[in-house]
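Model the full structure from these sequences, guided by the hints.
Here are the chains, one letter per residue:
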Amino acid sequence: MTIEIFFQVSPDGAGVDVDRAVLVYVLTGSPSGTFSRLQDFEGAVDKWAEEFLWIQIALTRFGWRYEQAVFVFPYDTD
Amino acid sequence: MDVFVSNAASEPQLWRAPSPNKIDEVRRLEELSQIAEGLRAAVLRKDPEPLLKYYWRDAEKSDPSSGAWGLPNADGTGTYESEKAHLANPASALSCLLFDTACLRAMACQNAAMIQDSVSQFAISFFQGR
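If you read the sequences in order, they're chains A and B.
To convert, note that position 69 of the first sequence is 69 in the numbering used here; the numbers rise steadily by one, no gaps.
For the numbering used here, add 78 to where a residue sits in the second sequence, where the first one is 1.
Quick caveat, the hints were computed from the structure, so don't treat them as lab data.
Source: prediction; values computed, not measured.
Take the hints with a grain of salt, since some may be wrong.
[What the hints assert, rightly or not] Have a look at the derived ranges for each label pair, beta carbon to beta carbon:
hint : chain 1 : residue 1 : chain 2 : residue 2 : range
1    : A       : 40        : B       : 104       : 23 to 29 Å
2    : A       : 34        : B       : 115       : 20 to 26 Å
3    : B       : 122       : A       : 16        : 34 to 40 Å
4    : A       : 46        : B       : 103       : 29 to 35 Å
5    : B       : 169       : A       : 15        : 39 to 45 Å
6    : B       : 169       : A       : 36        : 37 to 43 Å
7    : A       : 10        : B       : 157       : 22 to 28 Å
8    : A       : 43        : B       : 122       : 25 to 31 Å
All C-beta atoms in this analysis are idealised placements derived from N, C-alpha and C, irrespective of residue type, glycine included.
If you want it as structure tokens, here you go:
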């Protein structure tokens, strides 16, 4: 298993830049193991929990917090 | 376990390293790697405490500075205490999703619409490599 870490810095509702991170766990040797961009994983949600899992967290004044929940399903993210 | 880091993207204006300071970036990556590994280990140990560490506390959600990030946990109905209780309850959906594949499969049989077939094996099985 490998872990890939993706960064995102984007404004929140108040226009303040917020650090986000997506931590992706990928089964070694799976087709998803060749992905190098977060968009690749987002485009392969049918492989969720079979080849990879992810957690999306944001850095707040309180520390890192889940944007929604731990190991949230992709279809819950929007 | 190997850890790979990427900020490559087709839209560099959206995805980029969080800081121009390389030292800060290295520290951030180390921190995130530790978080990721800690969460994986917690699932394998069936230990909810490390998982709870990154949930919004109820007091934080009411802090004005939380802004758009001060969202309830999970599906919008959870509180820190309720999530903690769910994680501690082996019969809860959340506990099944994270810690008990057999329980999750039973739930899927009872309510196929609630849990997709694609997630019939979830966190702990995933981290165990099945």
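Now for the hints, and whether the structure bears them out:
no. : hint                     : verdict
1   : 40/A / 104/B: 23 to 29 Å : 25 Å, holds
2   : 34/A / 115/B: 20 to 26 Å : 22 Å, holds
3   : 122/B / 16/A: 34 to 40 Å : 36 Å, holds
4   : 46/A / 103/B: 29 to 35 Å : 33 Å, holds
5   : 169/B / 15/A: 39 to 45 Å : 44 Å, holds
6   : 169/B / 36/A: 37 to 43 Å : 40 Å, holds
7   : 10/A / 157/B: 22 to 28 Å : 26 Å, holds
8   : 43/A / 122/B: 25 to 31 Å : 28 Å, holds
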